[in-house]
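Sequences and hints are given; from them, build the entire structure.
Number of protein chains: 2
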Amino acid sequence: MKINVEKCARMLKQKDNILILTHAHPDGDTVGCGFALYLALKKLGKRARVICADEFQEKYLRLVDGCLDMPEFEEEFIVAVDVATENLLGDLKDKYEGKIDLCIDHHGTNTEYAKYLLLNADAAAACEIMFKVIRTLRVPIDGAIANALFIGITTDTGCFRYDSTTSNTYRAAAKLVDLGAQNGLINRVMFETKTKTYAALERLAIEGMEFFDDERICVITITQDMYRKTGSSETETEAIAPLTRQIEGVEIGLTIREKADGTCKCSVRTFQSVNAADYAANFGGGGHKQAAACKFDCSVEEAKKLLVAKASEMLGEQK
Amino acid sequence: MKINVEKCARMLKQKDNILILTHAHPDGDTVGCGFALYLALKKLGKRARVICADEFQEKYLRLVDGCLDMPEFEEEFIVAVDVATENLLGDLKDKYEGKIDLCIDHHGTNTEYAKYLLLNADAAAACEIMFKVIRTLRVPIDGAIANALFIGITTDTGCFRYDSTTSNTYRAAAKLVDLGAQNGLINRVMFETKTKTYAALERLAIEGMEFFDDERICVITITQDMYRKTGSSETETEAIAPLTRQIEGVEIGLTIREKADGTCKCSVRTFQSVNAADYAANFGGGGHKQAAACKFDCSVEEAKKLLVAKASEMLGEQK
Numbered sequence: 002m003k004i005n006v007e008k009c010a011r012m013l014k015q016k017d018n019i020l021i022l023t024h025a026h027p028d029g030d031t032v033g034c035g036f037a038l039y040l041a042l043k044k045l046g047k048r049a050r051v052i053c054a055d056e057f058q059e060k061y062l063r064l065v066d067g068c069l070d071m072p073e074f075e076e077e078f079i080v081a082v083d084v085a086t087e088n089l090l091g092d093l094k095d096k097y098e099g100k101i102d103l104c105i106d107h108h109g110t111n112t113e114y115a116k117y118l119l120l121n122a123d124a125a126a127a128c129e130i131m132f133k134v135i136r137t138l139r140v141p142i143d144g145a146i147a148n149a150l151f152i153g154i155t156t157d158t159g160c161f162r163y164d165s166t167t168s169n170t171y172r173a174a175a176k177l178v179d180l181g182a183q184n185g186l187i188n189r190v191m192f193e194t195k196t197k198t199y200a201a202l203e204r205l206a207i208e209g210m211e212f213f214d215d216e217r218i219c220v221i222t223i224t225q226d227m228y229r230k231t232g233s234s235e236t237e238t239e240a241i242a243p244l245t246r247q248i249e250g251v252e253i254g255l256t257i258r259e260k261a262d263g264t265c266k267c268s269v270r271t272f273q274s275v276n277a278a279d280y281a282a283n284f285g286g287g288g289h290k291q292a293a294a295c296k297f298d299c300s301v302e303e304a305k306k307l308l309v310a311k312a313s314e315m316l317g318e319q320k
Numbered sequence: 002m003k004i005n006v007e008k009c010a011r012m013l014k015q016k017d018n019i020l021i022l023t024h025a026h027p028d029g030d031t032v033g034c035g036f037a038l039y040l041a042l043k044k045l046g047k048r049a050r051v052i053c054a055d056e057f058q059e060k061y062l063r064l065v066d067g068c069l070d071m072p073e074f075e076e077e078f079i080v081a082v083d084v085a086t087e088n089l090l091g092d093l094k095d096k097y098e099g100k101i102d103l104c105i106d107h108h109g110t111n112t113e114y115a116k117y118l119l120l121n122a123d124a125a126a127a128c129e130i131m132f133k134v135i136r137t138l139r140v141p142i143d144g145a146i147a148n149a150l151f152i153g154i155t156t157d158t159g160c161f162r163y164d165s166t167t168s169n170t171y172r173a174a175a176k177l178v179d180l181g182a183q184n185g186l187i188n189r190v191m192f193e194t195k196t197k198t199y200a201a202l203e204r205l206a207i208e209g210m211e212f213f214d215d216e217r218i219c220v221i222t223i224t225q226d227m228y229r230k231t232g233s234s235e236t237e238t239e240a241i242a243p244l245t246r247q248i249e250g251v252e253i254g255l256t257i258r259e260k261a262d263g264t265c266k267c268s269v270r271t272f273q274s275v276n277a278a279d280y281a282a283n284f285g286g287g288g289h290k291q292a293a294a295c296k297f298d299c300s301v302e303e304a305k306k307l308l309v310a311k312a313s314e315m316l317g318e319q320k
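Chains as they are written, first to last, in this note's numbering: chain A, 2 to 320; chain R, 2 to 320.
To be clear, the hints were calculated from the coordinates, so they are not data collected in a lab.
Errors might be hidden in some of the hints.
Which copy is meant is left open, because identical chains are indistinguishable; a pair holds if it fits in one copy or across any two.
Stated by the list, open to error - Calculated pairs, DSSO-like style, for lysine-lysine (alpha carbon to alpha carbon, straight line, at most 27 angstroms):
id, residue 1, residue 2
1, 3, 197
2, 195, 266
3, 14, 305
4, 94, 60
5, 195, 306
6, 8, 116
7, 44, 60
8, 197, 290
9, 306, 197
10, 296, 44
11, 195, 311
12, 260, 47
13, 116, 266
14, 230, 306
Below is the structure:
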């Protein structure tokens, strides 16, 4: 059942022992949402905990004070944040499938799996919605909460760059900076700093770029061998996918990452001509208009063939 | 004489036949300021023209409607926008030195060369100030003016990324988007799209990166030979300097570009530890806290020695 911000806030006020689920391979938006809600609930005197199938990167914990040593308790209310489908819960899916009370999300593709859903597909980040929820809860927003929310907004918009960024996004950023968000530091940590190992991986990725269909399709392949050569790892690959969009004339950018078990995952980036979520849906994936993802049980090479053929087909339909 | 926004607007209201000077090697902020002021003055029924020692890149003209075919006239009032010193006028300096009536700028290093100066060193971009001037002129802001101002703000902040970005910057962006600025398109054109030739140049630049002082100093050298090999040119090098800041641990990033006559120019990028404007001042240059530039009459190799030695010295003083 879809609900609005006021109803969502009322519901959270009435509950205690709240478990907050983030999606697997956690990004800034799901972590920012989870941490901000956790800190807000704590200020209301409630017990809460944020969990994830995968580990939170150290950079998030460093920028958001007070999110270590969350309490243990028997959960009475389960909230999923920025989680479009239960599949995205990763290893937490088995335990929590069908049991989620509330979902706060901005994905138009949300499958409405939760009992209550606060959805705004026009929000550039789930953190934009969470900001409203926390203000409606009348929790005083401190620097840590402001940082958490700013992280979600800036990462999901590629630092206020993508088309999804609206005047509301910039306005939310302005308010969060006034409330103490360390925008310069956050943007440096999230976007500017490359580790030496990542810089080496990125160089290999760029060297291996392939182009198809009059260079309207760009493919980057990241293999396990490339991780070995550079000392990098999958946790450092977030910034690779946007590289495909950067070359003049590219309309579909595909980044295929080989997993340790030989299967692979593809990140899709598109411009106006093709809807990335629709494209990824062909392979059982999903996402947004310009950024989506899907998984394959086959090798990188086989996945590439399927992906390029479908991309070609969809571009052909545009002509 | 320093003046405020109201006085600046009153002055512009009283004048006609206004010549607007931008700085040489024009960037988004000087062009955005110039074009926005030109369009605003036109709406007030005045004659105005924007000039520059160098050509405006086509991308600016494409994003800001109505800035082709500016009228010719005998100038009665001369305004410089985003020009910290008369030296930055390039080849226009000889003609206009000592004759500039009004300067609108955000550089703390402004030499107060103009008769009247509207300066706000806390503004992340001169376009933030120009936005206030145009609103005070009570000119209705249309999409073209909004685009011009948004271009200046987004380019001078590295897409809202640098420390210089304040809540006022985000707030200005929000208002400009509401007024019709095409933020997604502008950010794509300014930041995301790399030409094939630029992508090749960037690859060579990254391959040739040198590190000094425990990798706290990063140097990129761009030679004429690299332009020849890649088909790129100096007009495409804007995005190179920020690359030096992106490597973990780098505190001073230096990008030395060889000119056709064998002399060179250095772009400086720093973090907290060193003030870039102070550093560049050692070589007769200037700029902002985290971004500055200076020129050399010697070869790239000689300049590199001088630059690295001074960077080392300034980092040593921090210890």
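*Tell me, in ascending order, the numbers of any earlier hints that this structure violates.*
1, 3, 10, 12, 13
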